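Quick note, the sequences are listed as chains A and B, same order.
Everything in the first sequence is counted per this note's numbering, starting at 19 for the first residue and increasing by one.
Everything in the second sequence is counted per this note's numbering, starting at 1246 for the first residue and increasing by one.
Since the hints were made in silico from the structure, they are not lab data.
No experiment lies behind these values; they were computed from the predicted model shown.
For every residue, glycine included, the Cβ atom is placed at its ideal position computed from N, Cα and C.
Certain hints may be false.
Taking lysine-lysine pairs in the BS3-like style, the calculated list, with each CA pair at most 27 Å apart, reads [unchecked claim]:
1) A:111 <-> B:1262
2) A:109 <-> B:1371
3) A:75 <-> A:97
4) B:1279 <-> A:64
5) B:1585 <-> A:50
6) B:1347 <-> A:50
7) B:1290 <-> A:30
If you anchor each label on the Cβ, the simulated ranges turn out as follows [stated by the list, open to error]:
8) B:1296 <-> A:133: 41 to 47 Å
9) B:1541 <-> A:167: 52 to 58 Å
10) B:1314 <-> A:284: 23 to 29 Å
11) B:1573 <-> A:167: 34 to 40 Å
12) B:1411 <-> A:249: 28 to 34 Å
13) B:1558 <-> A:46: 49 to 55 Å
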Amino acid sequence: MNIVTISQNISKIEFALFDGSCGEPVSKGELKNWMNHEIIGGIPGKIATHFSKSLRKQEKTFSANLVCIRVAYGGQEFKSPEIATARSLEKLKKIENAAPMHIPALIELIGAFKNYFRGTPIALVFETSFFTRLPERERNYAINPGLAKEISLQRFGYHGIFHERAYEYCHEKDKRLSRIISVCLEPVPEICAVMGGSPVMVTGGATPLEGLPGETTCGDIDPLIILSLSENLGWGPEEINNAISRKSGIYGLTGRKMDFTELFSSADPDAIFARRLILYRMLLATGSAIAAMGGLDAIVFSGRYREIGGQIHGYLSSKLGKFPEKHEILPDQLLKLTTCSGMLAMLKKDRTHSQKISLDNGYSF
Amino acid sequence: MYWIMKAKNEAMKDEVKDFTQELVRITSISLDEKKAAEFICGKMKELGYDDSFIDDAGNAVGVIRGRESEPAVMLNSHIDTIAPDEEKWSMSPFRGIIENGKLFGAGASDCKGGLAAQIYAGALLKRSLLPMRGHLVVAATVAEENGCSVGLKKLVSSTLPSIGIKADYAILGEPTGNGLYYGHDGWVELNIHIEGVNPFHVSDAARNINTDLSLVSTIRNTMNTPEEMNIGHPVFNDDSGFRSADMRISKRLSSAESPEGVVSWLNHEVAVLTQNEKNVAVEVAVISENQKMYNGSRSVVKRVANSWQTDPYSPLMQRARQSLSAAECEVRTGKWTLGKLGMGTAGSVLLNEYKIPVIGYGPGSEDCAHCADEYVVLDRIYESIYGTASIVHGLAGIPVCGWTSDEI
Chain A
19 MNIVTISQNI SKIEFALFDG SCGEPVSKGE LKNWMNHEII GGIPGKIATH
69 FSKSLRKQEK TFSANLVCIR VAYGGQEFKS PEIATARSLE KLKKIENAAP
119 MHIPALIELI GAFKNYFRGT PIALVFETSF FTRLPERERN YAINPGLAKE
169 ISLQRFGYHG IFHERAYEYC HEKDKRLSRI ISVCLEPVPE ICAVMGGSPV
219 MVTGGATPLE GLPGETTCGD IDPLIILSLS ENLGWGPEEI NNAISRKSGI
269 YGLTGRKMDF TELFSSADPD AIFARRLILY RMLLATGSAI AAMGGLDAIV
319 FSGRYREIGG QIHGYLSSKL GKFPEKHEIL PDQLLKLTTC SGMLAMLKKD
369 RTHSQKISLD NGYSF
Chain B
1246 MYWIMKAKNE AMKDEVKDFT QELVRITSIS LDEKKAAEFI CGKMKELGYD
1296 DSFIDDAGNA VGVIRGRESE PAVMLNSHID TIAPDEEKWS MSPFRGIIEN
1346 GKLFGAGASD CKGGLAAQIY AGALLKRSLL PMRGHLVVAA TVAEENGCSV
1396 GLKKLVSSTL PSIGIKADYA ILGEPTGNGL YYGHDGWVEL NIHIEGVNPF
1446 HVSDAARNIN TDLSLVSTIR NTMNTPEEMN IGHPVFNDDS GFRSADMRIS
1496 KRLSSAESPE GVVSWLNHEV AVLTQNEKNV AVEVAVISEN QKMYNGSRSV
1546 VKRVANSWQT DPYSPLMQRA RQSLSAAECE VRTGKWTLGK LGMGTAGSVL
1596 LNEYKIPVIG YGPGSEDCAH CADEYVVLDR IYESIYGTAS IVHGLAGIPV
1646 CGWTSDEI
């Protein structure tokens, strides 16, 4: 069975093709600046051409049995992976206000894939589904509940796929490992405490801005800083948002665009300061995670910058007593793994649905 | 958000240029805008507006529906142009010639460049996949130059209510050089009618009035820039055996003046001037005209444009300034100077009559309006599309705060 995985962000779409085995992708690639330059209707064709060319070299032909798309938001409505249907698209449309840069583009993208890969099921996998299991004390902010409900103010994390797999990965290796800290090293990094398979603490918030500083994001700040920018400088919400989500973090501290790999190898004084600051914030978050779980069995690093996990682990171990000596690095096939397990769970739940999909596409889990 | 809009805007440039050029090539002198209105309506349909239609007044209207009904933003520019004095032009005013990045033609600056920018601002928001909270209306209205905004009045009083929309804010695409303008002086056109039994008495009275008011006008125009008063020559009516004469006067209206006040002042002036002319009657009145629109409907319009000013610290101006600043556009505020009497915008109709807060933001240059070899700089149109879309999103878009980092 061939699974096409699609992970889209504002700046790029990463795609990969997996065959029946759970190994590395057969082919992968990315489309940069897709929201700026691409005509969305043409994207599936470009991806299919990429796969076809790459498979031709291996004397294979390209076909897809399942397309799996990562969705940044929507866990409240979608508790597990779901096949994209007219109903699910309608549900997505209803929550577009909550993630307005992502969901409208996603809906267009799903339409384009449905149109191109006619008859092939499209599975949607939600980063935030995992966090609907956060304990109430972690999920809620200390603000008036009526107000929080009115504009849906509650905490989520935004790398649920990574964190869920991090726990499963450790637990599969050793059943005794049940208190895991998952450090997802993406451009907006996130630390999550997972206990017994459920999240108990996460650095993400009502939007991806809360938590650890990222490549361009500020992370946690005093809310009054925002009011000060408005009161003292007369800035509107858009300008403040630009400042804290696109001109802060590593970029704000060093004055130049720099990713985490570069930050952790740079000798530039500004970069050294930024690195210290971010490591310190990670230390505080790790301490919170340990406190939330009452201990720690394992720490797992994942995400595109997972290689710097070793350095981070070294720093954290030097600061925290009784810290696990060993850390794990998560393999890079999350979307496929999550889709498979999610789909499997869904198919078990709904036999009628599963039979229909099996017949149409000739695959089974 | 802004970088996506910038890139999409960049990709639309050729399309925008072609559309604006074609629009300039279509003659649309006041009260003869049918062809241009149909062209605009077709373009809005093609660009994916949720609705686009021509209303009963002949205005071309495009709507992009938001998730909620409020706030609704109306972008408004007029389709019509004044009749160009072709002898003064160094080229045909209807060929849409492009030279050195400037598009020349009747109405290029006032206000087809602004209209194109507003139509494509809606398209830019759609193409950037930015969902709207409130509705966006793009209204290309008729009979502004020679109809005292009859088209706009029908739009606001009849068309918009019929589709369930009430405009909360309006942005005019009139020439501001992409500055944020919030008002201008008004003007009134008056007629002094002199009537008597003896043609010689009528003639003497008319000449006295003309000489005296011309002196007042010269003094006022010397003391004030721009032009303050314009006194026409008396026209003697031969059908009455020269027993009556009419004199046309244009007068600028400051924010402290009203047309009624000017009529009262002028009545007093002419009464003093003709106090010794016992055999003539003099009457001052605001000029009214019967206008026939291109679709055959008729309206009586008074030749008055009141001064208007939106509070420069109003929420509309504040959000417009903030949005432009966030979008890294130039933020320049000011008011139109209206160098010539008789020029104006529909701002007074929107603000004074319908209480809709209004500002101007358009790519044209005020100095070019109503002039020979009128032009608009194409780059200014592209900037205006982006700036207008940013303001509209700031006013009625769904906020994207917290979701704008390149990657999550």
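Going through the hints against the structure:
1. A:111 <-> B:1262: Violated, at roughly 34 Å.
2. A:109 <-> B:1371: Judged against 27 Å, a Cα distance of about 21 Å means the pair holds.
3. A:75 <-> A:97: Violated. Residue 75 of chain A to residue 97 of chain A sits at ~40 Å, over the 27 Å cutoff.
4. B:1279 <-> A:64: violated (43 Å)
5. B:1585 <-> A:50: violated (52 Å)
6. B:1347 <-> A:50: Violated, at about 34 Å.
7. B:1290 <-> A:30: Violated. Residue 1290 of chain B to residue 30 of chain A sits at ~30 Å, over the 27 Å cutoff.
8. B:1296 <-> A:133: 41 to 47 Å: violated (25 Å)
9. B:1541 <-> A:167: 52 to 58 Å: For residue 167 of chain A against residue 1541 of chain B, whose Cβ atoms are near 55 Å apart, the range 52 to 58 Å holds.
10. B:1314 <-> A:284: 23 to 29 Å: violated (52 Å)
11. B:1573 <-> A:167: 34 to 40 Å: With a Cβ separation near 36 Å, residue 1573 of chain B and residue 167 of chain A satisfy 34 to 40 Å, so the hint holds.
12. B:1411 <-> A:249: 28 to 34 Å: About 32 Å separates the Cβ atoms of residue 1411 of chain B and residue 249 of chain A, which means 28 to 34 Å holds.
13. B:1558 <-> A:46: 49 to 55 Å: holds (54 Å)
Taken one by one, the earlier hints fail for this structure at numbers 1, 3, 4, 5, 6, 7, 8, 10, listed in ascending order.
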